[in-house]
Structure formats: structure tokens, C-alpha cells
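Engineer: Please build the complex by placing chain Z on the supplied structure of chain P, with the hints as guidance.
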Amino acid sequence: MNNENQKSISETVISKIKERQIKMRPRIYFIFKIGILAFGLAMLTLSAIFLTSFIFFSIRQSGLFFLGNFGFSGIRIILFSMPWLLILGVVALIVTSEFFADHFQFVYKRPVMYSVLAIIIIVILGGVALDFTPLHANLLMNAQKGEPSIAGHFYREFGAPKIPDVHYGSISEITNDGFKINTNRGEELNIIINENTQVFDKNIKEGDSVMVFGKKDNQSVKAGVIQKIDENKGFLPPPRFFKKQIQQAPGALIESLPKQNFKR
Amino acid sequence: MDKTLLQDKSDEELARLMQSGKTELFSLLIERYEKKIGRYARKFLADSDDINDVLQEIFIKVYVNIKSFDTTRKFSSWIYRIAHNELVNALKKREKRIFPIFNLDVFLPYNLSKDDFNKDIQTLDIKKTIDICLKKLELKYREPIILFYLDGLSYKEISEILRVPISTVGIRIKRAKEKMKNILEKQKTNYE
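Line by line, the protein sequences give chains P and Z.
Mind the numbering: the first sequence is residues 6 to 269 in the numbering used here, read in order.
Mind the numbering: the second sequence is residues 19 to 210 in the numbering used here, read in order.
Certain hints may be false.
[Unchecked claim] Simulated coverage check for chain Z against chain P, where a stretch passes if three residues somewhere in it have a Cβ under 8 Å from a Cβ of chain P:
id : region
1  : 44-52
2  : 72-79
3  : 148-159
Just so you know, the hints here were simulated from the structure itself, not pulled from any lab data.
No residue lacks a Cβ here, since even glycine has one placed at the ideal position from N, Cα and C.
Extracted from the complex, chain P is given alone in its bound form:
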């Protein structure tokens, strides 16, 4: 570049400054900008944590993980019934969080993989921690009362998903060919047990919470598999619904039924 050009650039910029065509931005502007970025990052991460805990809650409400015991068809149902839309939402929030975080020196100086992993770990741990609180259960309860808010609609839509051919409830009555259950949707279903039914716990009794896998015809279900829901076991606890419904009922239901009816 020749000297004339050098002069002209310097002179042009300086004259613009003198004529006050360009002004320095005050320090507060930059502080505010960083504040907005930090706030945005915090809000995105908190949203991802909330949505993750909601996914855990929703999966538990649906009892999806118990389907693992139902063999290949159970795994197929798990894959199809996972809340993929919500999971996609969490992924989108994590990616956006990374874009926000990338403005900070302590983040962009390290490989992206580290910050993405850190965000994922924070979101999962935060999600698990939030899931221990009664927040989602209370919001779902309010939603089921018919609260017309956005949260109400969201919880009604995603809070207690229904998985096809899977029915949950507590045993209300023993019948000649099986038992009756009361579901959390207020239905009474007649569960029919035959020689092909697989029962994973013979000590099922009245008052127990169960998950039944089988086609529903009117109010009857021909049970393919019956799984007792144990409150103290499993990766995720059983649906909260059952905790409220379970009553200690005497007598073992399964013991009272013919033994040849059950396969293990």
C-alpha cells in the first residue's frame, strides 16, 4: 500500500472522529452485552434441564422402561414411544447453549467437544435432580384438572403419554379368569389371563400396581404379559400415579389362580 493510501485511511477515520460521525461505545454497553449473553446461556441451560427432567417424568409416567422385560416387542414399543420430539427439543437447546457459551474465552479456548460434554452433563444431572422434586407431578395434576394455560396444554399432551397395548393400574378385584384394574384414566379394565400369559411375579395380589401388555377389546384386555411394578426397583421409579393408588390389600391374587396359567 502506498503512502497516499495510508494517509487517506488514517485521515478519513480521524476526520470522522473529529466530526463526531463515529463515537466510542460506553463500557456499560459491553457489560450489558456480556450480561445478556450470560443470561441467555443460563436460560437456555435451565430450559434444557427443565425439559430433560420432564422427559424423565414423562417416561416414568408412561412406565416405558418396564417394557424392557417384554422382550423384542417391548423394546420395539420403547423405541417407538420415546418422547422423541422432546428429546429433539433438548438437543436443540444444548446446541444453542453451545453457540452462546462459545462467546466466552474459557469455552472457545478448548475443543468444542469439552464444552458440549460439560453442558450435557449439567443438563442430565440437573434434570435428574429436578425430577426428584414434585414439580412435574403437581403441574400435571393441575393440567388434568383442566387448567387452560400453555403449561396445562403441554402437560396434558406430553405429561402422561399413552403407549399402545400397554395398560397400567392397581388391582381392584379378583375375577374367575383374571383380575380387574383401575387405571389412572379412570377406566376399569377386565384383565383376562390364559395359558399363554407370561406373569413375571406370582405374588401379585389385590391392591398391587401392575402393567399389562395386551390388546384391548371394549373394557377387556387379553393379557400377553403381566408385570408387577415394584416401587423400590428399576432405573426410574414407577409412575407416581401408583404411589397414590396403592393400598395394602390382603391375600395373594395369583396364588389363588390355577398354576398352569402362568409361564415364566
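Structural biologist: Quick look at chain Z alone, frame taken from chain P:
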């Protein structure tokens, strides 16, 4: 203030004085960086009018945003960062080029040996090679190689300017050299 005294002051000190209201010192900073940034810009843009426009825009941005500069850090990295952003914007506008949002070499960690941080012994040869191959190199390889070999910046400074990990700078320079070697070999074959 005495001009000789001011000439002795570091860029960071001048920037600090500007932040406290001595805006007239800006001409000194322009003087110090105009050639360097101009040379850097010429490696990306061909048209001299475009280069002047971009240079002007860079120094205006420096003045407008000077209060965001952290005087405990290097001024050169900061001004080159502004230049980098302006040049990328200029390439997007003028050449309608699309830059990838994501690069795998920023995502993964890399291990670099001590040798990777040293400049080649035959720096002069490298400079000639860069001039021959530059236009055939992707921007992500072109920038670190210019900053390292032609502008003499360190890996740390380049990582600040490009906002990528130091290991990514190392890997890009390494790959740029490999690519330049291939380009030269191809040219040699064509001549033969």
C-alpha cells in the same frame, strides 16, 4: 504529551489512555497497524478499493469498540480479531462465499508435539511457498498460515484471533503445510 514519549508506549498503554478519553492517540495506533492489517487483508481481497474500504471499517470498529478491550491482554490479537471478522464479512458480501458453521477440527482435542510450535528453519522457503499456494488453500488453512509465517504471531495469539483452541491452530498449520506440499508436487508434475 511528548510524541517521543508516546512512541515508547505499548499498544495496550495507548489503548488504555484512549479508553480514559485521550482519543487523539488513535492516529498512533492506526500508524502502527495500518501496514500489518493491510498486508493481512491483501491476502484475502484482490481489489485495492475493497481493501481500503475494509481497512477503514476495521479502524472505525476499533475506535467504536475500544472500551471493550481488556488492557491486560494483547492489543494485536484484539485488532486482528476485528480484522478477521471484517474480512470474513467482506468475503461473504463481495464473493458471496458460504463459510461452514461447524468445523470438526474445532470439536476434537489434538495432541501437538513441541516441534509443531516451532517455525520451520526454512521460513523464507515457506514464505515463497505460501505466496504460490495461498489462493488454492481454504480460508481456514490460509488464515493461520499467514498469521504464523507472514505476520509472525504465536499460536496463542492466533488462537485468540480465530477463537479456536491452540491445538486446532497447530493442526490447521500442519495440514496447510501438507496441502501446500501437494499443490507444489502437482505443479511440478504438470511442468514435467
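Engineer: Now, for every hint given, state plainly whether the structure supports it.
Structural biologist: Structure-based check of each hint:
For the region 44-52 of chain Z, the assignment as covered by chain P holds, since 5 residues bring a beta-carbon within under 8 Å of that chain's beta-carbons and 3 suffice. Figure legend: the region 72-79 of chain Z, annotated as covered by chain P; annotation consistent (4 residues with Cβ-Cβ distances under 8 Å, at least 3 required). With a cut-off of 8 Å between beta carbons, the region 148-159 of chain Z has 0 residues touching chain P; three or more are needed, and the interface restraint is violated.
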